[in-house]
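K.L.:
Quick note, the sequences are listed as chains A and B, same order.
FYI, in the numbering used here the residues of the first sequence are 146 to 877.
FYI, in the numbering used here the residues of the second sequence are 192 to 266.
One thing to keep in mind: the hints can contain errors.
The calculated lysine-lysine pairs, modelled on DSBU-like cross-linking and capped at a C-alpha distance of 35 Å, are [what the hints assert, rightly or not]:
1) Lys421(A) x Lys230(B)
2) Lys195(A) x Lys204(B)
3) Lys345(A) x Lys421(A)
4) Lys356(A) x Lys254(B)
5) Lys303(A) x Lys254(B)
6) Lys345(A) x Lys230(B)
7) Lys847(A) x Lys254(B)
8) Lys312(A) x Lys669(A)
9) Lys345(A) x Lys312(A)
I should point out that these hints are in silico values taken from the structure, not numbers from a laboratory.
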Amino acid sequence: MSVQTVGSQEVRAITVAVAGNPNAGKSTLINAIAGTRLHVGNWPGVTVEKKEAVFEYGGRKIKLVDLPGTYSLSPYTQEEIIARDYLVHEKPEVIIDVVDATNLERNLYLTVQLVELDIPMIIALNIHDEAEKKGYRIDAKAMERMLGVRVIPTVATKELGLADLLKAIVELADNPAGHLPKRLHYGEDIESAAQAVSAKIIDGSPSLTGKYPARWLAYKLLESDDHVLRETTVDNSGFLEEATRHLRKAHGDDIESIMADARYAQASGVTHEVLKKPEFRKTEVTEKIDGIVLNRFLGIPIFFAAMWLVFKFTFDVSAPFAEWIHTMTDGPFKRWVAVMLGFIHAPPWTVSLATDGVIAGVGFVIVFVPVIFAMMFFITFLEGSGYMARAAFVMDRAMHAMGLHGKSFIPMLLGFGCNVPAVYATRTLENPRDKALTALLIPLMSCGARLPVYVVFIGAFFPSHAGTILWSLYVMGIVLAVVMGIIFKRTLFRGESPLFIMELPPYRLPSFKSLMIHTWEKGKHFLIKAGTYIFAVSILVWFLLNLPWGVENKKDSYLGKTGQIIAPVLAPLGFGNWEASSSLISGLIAKEIVVGTMGEIYVQKAKEKKETPTLSEDLKEIGTSFGDAARESLANVFSTFGIASISSEESAEETGERASLRTVIKGQFTPLSAYAFITFVLLYMPCVVVAIAMRQEFGTWKWFGVAFVYQMALAWVVAFAIYQGGRLLGIG
Amino acid sequence: MDLSMLKPGERGKITKVGAIGLLKRRLMDMGVLVGEEVKLEKIAPLGDPIEVTIKNYKLSLRKKEAEGIAVEVIR
Chain A
146 MSVQTVGSQE VRAITVAVAG NPNAGKSTLI NAIAGTRLHV GNWPGVTVEK KEAVFEYGGR
206 KIKLVDLPGT YSLSPYTQEE IIARDYLVHE KPEVIIDVVD ATNLERNLYL TVQLVELDIP
266 MIIALNIHDE AEKKGYRIDA KAMERMLGVR VIPTVATKEL GLADLLKAIV ELADNPAGHL
326 PKRLHYGEDI ESAAQAVSAK IIDGSPSLTG KYPARWLAYK LLESDDHVLR ETTVDNSGFL
386 EEATRHLRKA HGDDIESIMA DARYAQASGV THEVLKKPEF RKTEVTEKID GIVLNRFLGI
446 PIFFAAMWLV FKFTFDVSAP FAEWIHTMTD GPFKRWVAVM LGFIHAPPWT VSLATDGVIA
506 GVGFVIVFVP VIFAMMFFIT FLEGSGYMAR AAFVMDRAMH AMGLHGKSFI PMLLGFGCNV
566 PAVYATRTLE NPRDKALTAL LIPLMSCGAR LPVYVVFIGA FFPSHAGTIL WSLYVMGIVL
626 AVVMGIIFKR TLFRGESPLF IMELPPYRLP SFKSLMIHTW EKGKHFLIKA GTYIFAVSIL
686 VWFLLNLPWG VENKKDSYLG KTGQIIAPVL APLGFGNWEA SSSLISGLIA KEIVVGTMGE
746 IYVQKAKEKK ETPTLSEDLK EIGTSFGDAA RESLANVFST FGIASISSEE SAEETGERAS
806 LRTVIKGQFT PLSAYAFITF VLLYMPCVVV AIAMRQEFGT WKWFGVAFVY QMALAWVVAF
866 AIYQGGRLLG IG
Chain B
192 MDLSMLKPGE RGKITKVGAI GLLKRRLMDM GVLVGEEVKL EKIAPLGDPI EVTIKNYKLS
252 LRKKEAEGIA VEVIR
């Protein structure tokens, strides 16, 4: 070997695939090793998350690739297909198999399948501390002998065993031939059938031997694995049928079960050999907690209490920061840019574009960041702690009735605060169908942005029945979600509903580092990916609102003109004027903007001259108000427990504006058309940020398209029924 | 007798996994195999799904998914 190749070998990164069961602590382990060097993206063509990290260890470059957590390598779920395609086609140099030491046998079932791939492998015997606490004795050396792999005890949450793991990676990569896993013997009849398959199909075909691990391919063909048969275009169904006939007859079962049995037999065999358990089994903490949390009577109240906390925390903790960001971008930043542009004598339209377009757009993006961070933090905590699975267990029956999964409840609930984090929260659902259906129904949960619209109209028309009317809107959203869920289940999502089969993992305290990394990654992802779209849209809206430049009357702006075109369509609903239509269009940005636009159109804003603060005043204000926001956020945490009280006061100016808006709309709407209007606001298309969130979560505009069409239709039909029905009854 | 008919606390031995296709594969991957011992731990507060212990871990599944799993009660 020449010196040069040795040199280039050292430069080339060692590719390490990290596989393992869900809940085995794989994410925590990777976060512990790679930290912030993690790069989060998606696997090509799907929306399953892909994490990678490249770093140096002992002068060597190592590339870690995190495979989706799976229980098996059978090609049934998206995650399993991704994991096995990567292992088979990308041929990593080393596999790290993260195994939960407290649940050895089931975890080893995946290990046995990984061993078939003939790739040097390290087992990270994770959660080792918990296993020891339970009194488990695991003979790692015996395990190494039986499987022909390295076994290294680790505790990812405490960052134990990581150095040994890294050292082993380099050792295995340097001498792959000396570290091939053992050939596990699945029994005489299976092995001879696999041999027959090899001899007949694989050995003669160089295109197969070069591409696939030989032994793995033989087993897969024996199993008549659809995915492999399609991929290899091997058509030997007659021969395969023949090869397995003896097996199926002898075992009295189908070939898939026979193979699963054989693999589990290996997993059990190793487990019995290496694991010594204490004779007396204590009742475990998890069982004690579940005794209360899943109790027949307490289960549901505890679930609702937990959900209430999650909701409160997510929105109350983030709200003051969002408010602070909004005030800052709306005030000082806009002023500074205006002043700077004034210096260079920029034309007024550029000032407007910069402040009302660009800065408002940027502000609009970052206003969402606190709530996305907060939501991701709590969702990750729920998942990591093990409660998410319990929540699904408790709620599944109710959610399943409308075609959803038990885990759909949390995203739906978050929808009442803001639909945007709610759509992102659907990532907790594994199955693409469950996920899509949940996201489609989320917009029917009346979010906080719709509330200001209701408040103005209810204040103007139904002051004496405010509570009832408000309540009716929320209930209407929920009822329609149930109805639409059932309709979707029978139309767009016809067919078998996805399986529920789910592990209830032991309760564990997630590591803080892992939580923070996960939250940070998600927040960053939102800022960059969604931010770009949202920003572009808000520039577009600026043009719509302000062009042709210099229009005095809003009616002549592009927005007003579009409003005039749409108005006739809304006439049967009771609000067919350009003012209402234009406000509704602007509400596509965020539904609360409906009120703002109405204010601008209906009420000639008194443009009072305010004194412009100086730069130092501005800077001071930014600092103190951030402090206020942090304090308020903390206060909100305690107020959740009833210690403090929230004080949300409207500014006098705002109250005044609203009062005059109320007077004006009283002349424009009847109580009936007002109710039809707020119903329409509840139901019509989700705002653009939700649209972008859906695009981002699903990698396609398809589901937003469906949401757009059905919600527009639903809003029109329901508002029509209310208005025309009301008139028939003589209410209007 | 199938798995969905066990009472909380009752144990059974799996005699047949009657499911087909995806459901069967998934059950097998989770260790629901003939000869395996299961214990019904809990029924969800709303009556469905159920929680069982199998292969020393906790698994939850809907009653409908458990119907094809024949068990022999162990007393």
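K.L.:
With the threshold set at 35 Å, check whether the alpha-carbon distance from Lys345(A) to Lys421(A) stays at or below it.
P.N.:
Violated, at about 44 Å.
K.L.:
Would the pair Lys356(A) and Lys254(B) pass a check requiring their Cα atoms to be no farther apart than 35 Å?
P.N.:
Measuring from Cα to Cα gives roughly 43 Å; hence the hint is violated.
K.L.:
Between the alpha carbons of Lys345(A) and Lys312(A), is the straight-line distance 35 Å or under?
P.N.:
Given that 35 Å is the threshold and the Cα spacing comes to 41 Å, the pair is violated.
K.L.:
Does Lys204(B) lie within 35 Å of Lys195(A) when you go C-alpha to C-alpha?
P.N.:
violated, 40 Å
K.L.:
Checking one constraint from the list: CA of Lys421(A) to CA of Lys230(B), max 35 Å. Satisfied?
P.N.:
holds, 22 Å
K.L.:
Does Lys254(B) sit within 35 Å of Lys303(A), going by the straight-line distance between their CA atoms?
P.N.:
violated, 39 Å
K.L.:
Do the alpha carbons of Lys345(A) and Lys230(B) lie within 35 Å of each other, as the hint requires?
P.N.:
violated, 45 Å
K.L.:
Sort out whether Lys669(A) lies within 35 Å of Lys312(A), counting only the CA atoms.
P.N.:
Given pair Lys312(A), Lys669(A) holds - Cα atoms ~32 Å apart, limit 35 Å.
K.L.:
Hinted pair, alpha-carbon criterion (35 Å max): Lys847(A), Lys254(B). Please report holds or violated.
P.N.:
Holds, at about 33 Å.
In this structure, the earlier hints numbered 2, 3, 4, 5, 6 and 9 are contradicted, and the remaining ones agree with it.
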